[in-house]
Amino acid sequence: MREKKTSDKLNTEERQELDSSEFGLPAQRAYPMPDAAHVRSAEAYFRFCPDSEKPELAKNILKKADEFGVNIKSDTILFWARQ
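With the numbering used here applied, the sequence shown closes on residue 92, and no number is skipped along the way.
None of these hints come from the bench; they were simulated from the model.
Mixed in with the good hints, there may be bad ones.
Using 20 Å as the maximum straight-line C-alpha spacing, the simulated SDA-like pairs for lysine to any residue come out as follows [unchecked claim]:
#1 Lys72 with Pro35
#2 Lys63 with Lys82
#3 Lys72 with Ser83
#4 Lys63 with Ile81
#5 Lys63 with Leu34
#6 Lys18 with Ala53
#7 Lys72 with Ser30
#8 Lys18 with Glu62
#9 Lys18 with Ala74
#10 Lys68 with Ala90
#11 Lys18 with Asp60
#12 Lys72 with Ala36
#13 Lys82 with Ala53
#14 Lys72 with Gln37
#15 Lys72 with Arg91
#16 Lys18 with Pro59
#17 Lys63 with Gln25
#18 Lys68 with Ile86
#19 Lys18 with Tyr54
#20 Lys18 with Pro35
#21 Lys18 with Ala46
#22 Lys72 with Leu34
#23 Lys63 with Arg49
#24 Lys82 with Ala46
#25 Lys63 with Arg38
#26 Lys72 with Ile86
#27 Lys18 with Glu31
#28 Lys82 with Gln92
#29 Lys63 with Ser83
#30 Lys72 with Gln92
#31 Lys72 with Leu87
#32 Lys72 with Glu22
#33 Lys68 with Leu34
#34 Lys18 with Arg38
#35 Lys63 with Glu22
#36 Lys72 with Arg56
#37 Lys68 with Arg49
#38 Lys63 with Asp84
#39 Lys68 with Tyr54
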């Protein structure tokens with residue numbers, strides 16, 4: 010488990026410095042998850058993700074949640090991660 014950043018806000022420079030692997034949707038660089046607070050934000054905003062992208066985002070949320078020790082309770086995310 011790691012913790013990098015404690016704020017749930019990224020400025021433009023911080024977002025640009027993130028590696029693509031820090032995003033829930035790396036190709037679009039969408040849903041940044043460099044820390045636990047952002048994993049929780051990605052969980053909260055998951056419903057706005059297009060259905061075609063939800064399996065990838067759900068799997069990446071669970072991966073980052075495990076990395077940061079975040080307990081994902083969303084049945085919707087768990088469902089999409091199995092797709």
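Hints, one by one, checked against the model:
no., hint, result
1, Lys72 with Pro35, "holds, 13 Å"
2, Lys63 with Lys82, "holds, 16 Å"
3, Lys72 with Ser83, "holds, 14 Å"
4, Lys63 with Ile81, "holds, 15 Å"
5, Lys63 with Leu34, "holds, 9 Å"
6, Lys18 with Ala53, "holds, 14 Å"
7, Lys72 with Ser30, "holds, 11 Å"
8, Lys18 with Glu62, "violated, 23 Å"
9, Lys18 with Ala74, "holds, 18 Å"
10, Lys68 with Ala90, "holds, 5 Å"
11, Lys18 with Asp60, "violated, 26 Å"
12, Lys72 with Ala36, "holds, 17 Å"
13, Lys82 with Ala53, "holds, 11 Å"
14, Lys72 with Gln37, "holds, 18 Å"
15, Lys72 with Arg91, "holds, 13 Å"
16, Lys18 with Pro59, "violated, 23 Å"
17, Lys63 with Gln25, "violated, 23 Å"
18, Lys68 with Ile86, "holds, 8 Å"
19, Lys18 with Tyr54, "holds, 14 Å"
20, Lys18 with Pro35, "holds, 19 Å"
21, Lys18 with Ala46, "holds, 9 Å"
22, Lys72 with Leu34, "holds, 12 Å"
23, Lys63 with Arg49, "holds, 16 Å"
24, Lys82 with Ala46, "holds, 15 Å"
25, Lys63 with Arg38, "holds, 14 Å"
26, Lys72 with Ile86, "holds, 12 Å"
27, Lys18 with Glu31, "holds, 15 Å"
28, Lys82 with Gln92, "holds, 17 Å"
29, Lys63 with Ser83, "holds, 13 Å"
30, Lys72 with Gln92, "holds, 15 Å"
31, Lys72 with Leu87, "holds, 12 Å"
32, Lys72 with Glu22, "violated, 25 Å"
33, Lys68 with Leu34, "holds, 10 Å"
34, Lys18 with Arg38, "holds, 16 Å"
35, Lys63 with Glu22, "violated, 27 Å"
36, Lys72 with Arg56, "holds, 18 Å"
37, Lys68 with Arg49, "holds, 14 Å"
38, Lys63 with Asp84, "holds, 13 Å"
39, Lys68 with Tyr54, "holds, 15 Å"
Hint compliance for this structure: hints 8, 11, 16, 17, 32, 35 are not met, and every other hint is.
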